[in-house]
Structure formats: C-alpha cells, structure tokens
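Protein chains: 2
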Amino acid sequence: KFTKKPQASINAVTSINDGLKRLYVEKLKPLEVAYRFNEFGLPLLTDSDFNAKPMVMLLGQYSTGKTTFIKHLLKCNYPGAHIGPEPTTDRFVVVMSGPDERSIPGNTVAVHADLPFSGLTTFGGAFLSKFECSQMPHELLEHISFVDSPGVLSGEKQRTERSYDFTGAISWFAAKCDLILLLFDPHKLDISDEFKRVISSLRGHDDKIRVVLNKADQVDTQQLMRVYGALMWSLGKVLNTPEVVRVYVGSFNDKPVDETAVGPMGKELFEKEQSDLLVDLMDIPKKACDRRINEFVKRARAAKIHAYIIRQLKKEMPTMMGKAKTQQRLIDNLEDVFTKVQTEFHLSPGDFPDVDHFRKVLSTYNIDKFDKVKPKMIQAIDEMLGHDIPDLLTSFRNPYQ
Amino acid sequence: KFTKKPQASINAVTSINDGLKRLYVEKLKPLEVAYRFNEFGLPLLTDSDFNAKPMVMLLGQYSTGKTTFIKHLLKCNYPGAHIGPEPTTDRFVVVMSGPDERSIPGNTVAVHADLPFSGLTTFGGAFLSKFECSQMPHELLEHISFVDSPGVLSGEKQRTERSYDFTGAISWFAAKCDLILLLFDPHKLDISDEFKRVISSLRGHDDKIRVVLNKADQVDTQQLMRVYGALMWSLGKVLNTPEVVRVYVGSFNDKPVDETAVGPMGKELFEKEQSDLLVDLMDIPKKACDRRINEFVKRARAAKIHAYIIRQLKKEMPTMMGKAKTQQRLIDNLEDVFTKVQTEFHLSPGDFPDVDHFRKVLSTYNIDKFDKVKPKMIQAIDEMLGHDIPDLLTSFRNPYQ
Ligand SMILES: Nc1ncnc2c1ncn2[C@@H]1O[C@H](COP(=O)(O)OP(=O)(O)OP(=O)(O)O)[C@@H](O)[C@H]1O
Ligand SMILES: Nc1ncnc2c1ncn2[C@@H]1O[C@H](COP(=O)(O)OP(=O)(O)OP(=O)(O)O)[C@@H](O)[C@H]1O
Ligand SMILES: [Mg+2]
Ligand SMILES: [Mg+2]
Chain G
-17 KFTKKPQASI NAVTSINDGL KRLYVEKLKP LEVAYRFNEF GLPLLTDSDF NAKPMVMLLG
43 QYSTGKTTFI KHLLKCNYPG AHIGPEPTTD RFVVVMSGPD ERSIPGNTVA VHADLPFSGL
103 TTFGGAFLSK FECSQMPHEL LEHISFVDSP GVLSGEKQRT ERSYDFTGAI SWFAAKCDLI
163 LLLFDPHKLD ISDEFKRVIS SLRGHDDKIR VVLNKADQVD TQQLMRVYGA LMWSLGKVLN
223 TPEVVRVYVG SFNDKPVDET AVGPMGKELF EKEQSDLLVD LMDIPKKACD RRINEFVKRA
283 RAAKIHAYII RQLKKEMPTM MGKAKTQQRL IDNLEDVFTK VQTEFHLSPG DFPDVDHFRK
343 VLSTYNIDKF DKVKPKMIQA IDEMLGHDIP DLLTSFRNPY Q
Chain X
-17 KFTKKPQASI NAVTSINDGL KRLYVEKLKP LEVAYRFNEF GLPLLTDSDF NAKPMVMLLG
43 QYSTGKTTFI KHLLKCNYPG AHIGPEPTTD RFVVVMSGPD ERSIPGNTVA VHADLPFSGL
103 TTFGGAFLSK FECSQMPHEL LEHISFVDSP GVLSGEKQRT ERSYDFTGAI SWFAAKCDLI
163 LLLFDPHKLD ISDEFKRVIS SLRGHDDKIR VVLNKADQVD TQQLMRVYGA LMWSLGKVLN
223 TPEVVRVYVG SFNDKPVDET AVGPMGKELF EKEQSDLLVD LMDIPKKACD RRINEFVKRA
283 RAAKIHAYII RQLKKEMPTM MGKAKTQQRL IDNLEDVFTK VQTEFHLSPG DFPDVDHFRK
343 VLSTYNIDKF DKVKPKMIQA IDEMLGHDIP DLLTSFRNPY Q
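From first to last, the protein sequence lines stand for chains G and X. Numbering-wise, the first sequence is residues -17 to 383 according to our numbering. Numbering-wise, the second sequence is residues -17 to 383 according to our numbering.
Next comes chain G alone, as it looks inside the complex (with noise of 0.2 angstroms):
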C-alpha cells in the first residue's frame, strides 16, 4: 500500500514536510516570535513536530487485544510488549519507528528533543513513570506511530485509582493523534464509569474515533448480532454524534477466525471488515500530510492575524503621555480593535482569536514594549501563502497520493 519516499528533485528541500519545515523556520517562525504568537495561543513548533509520524492510539478496557492488535499489524511484538489474558500493559507506549530496538523510560522521552512529547511533562512524574518509548526498525513505523495503553478500568477496579490524570494524559495524545481505535471484546461490552469519563475526554475528535468489536469470532452469529447492537445502542448515547461511529467486527490476531462458531458467512465478513480497517489505516499518512499543510496554513493565517493586532494597538498607543490609561482602554474595549482590524483588512471574524483570552494574556504585557510590526515580515507570510506552499505541493505532491 506504501509508496517509496518521493525523490528529492529540488536540492535541500526533499519533501512537503521538510519544505514546511523549513518555510516555518525562516518566515512564520520570526514573526510569531517577535510579537509573541506563541504566548497567546500555540506553542513554538519544533523540529519533533514536523518529523512525528501521523499516531494511531488504541484504548480499551483490559484483554480486549489491544497489544495483540499492534502485534498483527507490525507481525511482531513491539519491545516491551506483554500479552496476557490478565490485566498486562500497565502504561502509555509509543511504539515507533527508531534504528535498533529498545525501550525508552518516560521521564527520558519527556525531556528529548527529537521527540514530541515534551508536553507530557506536565502530567508529573507518576504519570511519567508509567509512560514509556518503544522503538524499533520496522517498515510499518516509518509511516504510522502506535500508542498502546493501559486497559481501561471497569466497576470495581475503578476504587483504586490511578496515581496521574489518566483521562487528561488521553485527551493530550487524542490531540496529536490522527486516529483513535476503541476496542471491545463480546465479553467486556460494559462502558465504564472510567470508560465514559475517557470518551469524554475525546470530545472534539469524534471525527478520529473507530470502534473495534474484535474477536468476534468467539461467540456465535445470533449472540454477536445481541453483543453488536448493544455495543452500538449503548456507544449512540455515549458518543452523542449525530453521525454513526464506524465499528470494525472481527478478529485482529494471527489466527485465522474461528469458524465453528460463526460459520463460512462470518468468517468473510470478518475477512471483509479487517481488510476495510486495514485501508483505513494505510489511508491515514496521506490524510495526515494534507492535514498538516492545511494546519500549517490556518496557523499562518491566525499568526499574521495577531501581527495585526498587535500593530493596531501599538497605533493607538500615545507617543508621550498617558500611556498606562489607554493601555487599559484598549484592553477594556479590545472588541473595537479587532473589529478596526477586521473592517481594515476584509478578514472574517471567525479567524480571530477569543477575544477574552486575548485580554488576559494581554493584560500581563506592556504594548508599549512589543516590537514595531515590520511590513517586511508580514509581506513574508503573504509570500509563503501565496506562491512558496503552492510551489510546495506542486514540487511534491503528497507522497501518499
């Protein structure tokens, strides 16, 4: 399904990631930093950021084969993996592309700069103990990244509670994920309190979740057709999309389905969904790589849109007196501004930022301090938007395609 990498034909720049790479470096990155982009709203983008691989995160409650899942796909255990009808994976594991195989401890991971994961550092330490990087050489990871985790908890375990923030741990990787597999076993349908609480925590990725009813080869046609529609009866409520989730039934492991209980007839149409799963999947580096131009480009956007308010307040300032007093006029009436802004350059109000954390961030600034907004920088973004991205994805296409 893979294509080869695409052949570098233009020197220094081999590929639309490395050309945003380097767009960012010389022409947004400036500007972001000269008028504080990052401090009110997205971070710095680092190199990690544009080398991470699009990541496919598994959850589920315990033993319903989430590691077994990555196993099948990758045809081998990922470093570290344990596979167990008891409660086994007791972490986060990133597995990943790396050049031998080996495991990296989380407190480790967390302060790499190759790696995109910086920003777990703030779930502390206990949670950074139960996270973990397992690398290795394999053809598969060079495209998708995996995160397995531990087995979501069902009623009674749940007392005994996690030492970290479990659910905000999973709504940060849900937010640098491009896909989500929830995983169910005919025999563990339940939805935790635990598990609720976790969905929850996806909301606003609904459009990254799939559902895996897997192995459904355990229990026969009339019993999985109940397991199946109460699985979605109840996910309908959970969920609370308007859309219908897709649910994968079938078995993901090396085994062949098993055809005793469910016959010819379910055996292909396990067939037909893991193979349907399965070009999902492949289908996901592609749509990641469109995904990050046009991220990149709204991230452009937002930025100059902040260049421009911050020359609009900097304008408005005096040039002697009075300035604390019109400082604070400014920052009570921040809505005339952006609208100022707005009418000026024929932009929608849809792309500026909240208008009520702008005012708090820029409440602890003194405008009078912000450098002078150079038309040079601006014009440079125009520049990257206008000709050097087109350029970009003529040069390339997306290597997926």
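In short, the hints are calculated from the structure, not lab data. Not one of these hints is a red herring.
Identical copies look the same in the list; a pair holds intra-copy or inter-copy alike.
Here are the simulated lysine-lysine pairs, DSS-like style, with alpha carbons at most 27 angstroms apart:
1. 269 with 11
2. 178 with 219
3. 53 with 35
Fit chain X with the ligands to the known structure of chain G by using the hints.
Leaving out everything else, chain X with the ligands in the frame of chain G:
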C-alpha cells in the same frame, strides 16, 4: 403451541376469564358504582374488556412489511388487506376473530358494545373514518388480535398533515396492547419526526416494545451490520431506556430467505430470529392472562382504598351544621384524610390515588350525597381477594401454561 381451551369443570364458570367477569359483576362493580370509583379513576369494565384478546400492534414506515407480517402469521390475507410497494394501508385495522369474514367500518366499531373500542370515539369522526375492524374465523385470532397501522410518514411527506391525532390514537392502542412491534427495513432506517413522536407516545409501555429489522436478506452481510448498527445507534437515543430493546433480524414473509446476498449463515441466523419472535408472540396469551389477573387484583385493592377514603370523609362530616365549610376543609386537607386511612388500615402510601387529582374530582361532588359505606361491600372484596380468586386459580390454572 396453543393448547385447546380448558374444559369446564365447575358449572357456569368455564375459565379464569369467565370467573373474573362474574366476580367483577357480583362483588367489585357494585362497590365501584356505589362510591363512584369510575369517576375518580378507571372507567367501569364491560364484558368486551373481559372478552378482548391480547393485542399486538405493528408500527413502522410505509412498505416495511407490516401487512405482510400479519399475512405471514395468519398464512392468509385478512379481509381488506392491501400489500404493495407504495403506501397501501391508509387506516388502523384491528384484525380479530369473528364468525365470518367481514370488515366493519370504524363508526360502527366504536358503538359496538361487544368490541372494546368505544374509547376511540374521543378521536373524532376523521379518525373513525380511518379505522376499521377486520374479522375472520381463524385459530390464531382466537388467541391474539393484531392492529395493523398506516405507515409512519418520513421527512417530506409529513407536511401533508394527518386529519386526526395520529400519535394520540397510537398511544391509546399502546395502552390496550400486549406487544408493540416497530418494523424497519434496511432501506427505510431513518426515524422521522413523526416516528419520534410516535415512539414518545409509547412512553410507559417500553416493556411492550420489540423491534423487527425486516427484509434483512435484501442486503449483504456487511451492509446489514452497518444498517443494524445504525438502527441500534439511533434507537438507543430515541427509546432512551437503559435496557437494550430486543431486535429481531430477519425476513417475515412467506418466501424463503434469499440466500444470494446473505449466504447460508445469514439464512440460519434469520431463521433462528424468526422462530424466536414467533415463540415470543405465542407467549403473549399466557402472559396476558397472568397480567389480567394481576390488574384485576390491583384494581380491587384500589377500589377498596377508594371506599375507605369516602368512608373517612363521610365520618368527618358534621350531621347538621357547617357542612359546606367542613367539606372545604376536608378537601383542602385531603392529605390528612389519606394519612388517617393509611394508618387505620395499615396501607402503603404508594397504593393511594394521586391526591391532587382526587381533590379536583371530589370538589365537584357533595360529600354528604355519597352513600354510606357498607361494611358488607368491603367484606365482599376481601372475600374475593382472599378466597374466590385463589380458588379460581387453582381450579383453572392459566390455560396457556
Ligand atoms: N482477536 C483475538 N481473538 C482471540 N483472542 C485474542 C484476540 N486478541 C487478543 N486475544 C487474547 O486476549 C488476551 C488479551 O490480549 P492483550 O494482552 O493483547 O489485550 P490488551 O487489550 O492489550 O490488554 P491490557 O489492557 O491488559 O494490556 C490475550 O490472551 C490474547 O491472546
Ligand atoms: N420480508 C419481506 N421481504 C421482501 N419483501 C417484502 C417483505 N415483506 C414485505 N415485502 C414487500 O414490501 C412491500 C410492502 O409490504 P406491505 O404492504 O406489507 O408493507 P406495509 O408496512 O404494510 O406498508 P404500508 O404502511 O404502506 O401499509 C410489498 O411489495 C411486499 O411484497
Ligand atoms: Mg496490552
Ligand atoms: Mg400495510
């Protein structure tokens, strides 16, 4: 499945039903009439209420196979049945046992003392012209009646409004029915606004609802899983009960399951589901008989409590002066009257009527005008509950047991 009607073993009373009817006329009805129980709560029972067969109502979009389903069970068309791919059934049709084949128009049905449908007159002439009773001699109809219904309208068609209170009529039938089947077909899954209103009007009868995903052999197995999943997804939200509704997946007509799309496994599954549904249907008369006894006993208890309340009210009325004032005070403090009765006879507050409703009805009466409560009448009820009904049950047992 059906055993023949039990043989008469005591003269005059030939079945549980007959026994209840006689007990009602001899012991319960006199008390209900004397203290106006019917005007405070449940209307008096008539012979037709005792003779009514358990009913099964079919609901669903047009062309989902409601009329065909009834034909399938009867192994013949009912008088006046129309089957076709366009909307065909344009009225509510009660299909029931009768000496010969005939269709009775709604206006006639409503005035027929033998038929338990006089309550439908409240829905007016526009409804009655869309209502009929279809009779024929038939072994199955000896035990169950069916209510065929006009297809629920989908999106666009809804704009042409019904000329009568459609959901009101359905709600009326739902209360009288023992089972409500919601039919869907794989190409007609959407739950329109009218369908949502119909489902809301079934509230309180959730335990009677079953769902049929009909014509399941018209799509391949993978599509069927999608369709079935989508159905459960939306039903879970619309029905809004924690228990998963039972869905029967199959094809309920006379033709054998079409194996081309669903294969032998699908065929086997559908046949299992079809026979499960038949077993459930055949179970209705037995359950209906148990329920009738249960409701009769509950009714007798309620009527007795009603008599106690009247007795207490009369006891607190003065013999000569200040009657109007006392009546007003009693009505205002009806809760106290209830509490006194409750304490005196060791009754549960949950068995008492709704105090506000009682107050409202009572204020249209003159307490003084109620007959004095005769201890004999109450004794008759106690005898009935303590001896007659248990005797009846040992003499006859549920004929469907
Ligand atoms: N598709 C499958 N069919 C049958 N058995 C399976 C399947 N997938 C996994 N199993 C078995 O289920 C058990 C649990 O598998 P695994 O350890 O992969 O689950 P897990 O979701 O990673 O659990 P945990 O949350 O505890 O890490 C193992 O015994 C495994 O062999
Ligand atoms: N199980 C089935 N498999 C295939 N076709 C069916 C099945 N049941 C019914 N049909 C076909 O579907 C069409 C509609 O059937 P029918 O008239 O019984 O539906 P209905 O629900 O009563 O519709 P209406 O609400 O219009 O009265 C008919 O052409 C019938 O032959
Ligand atoms: Mg695991
Ligand atoms: Mg019909």
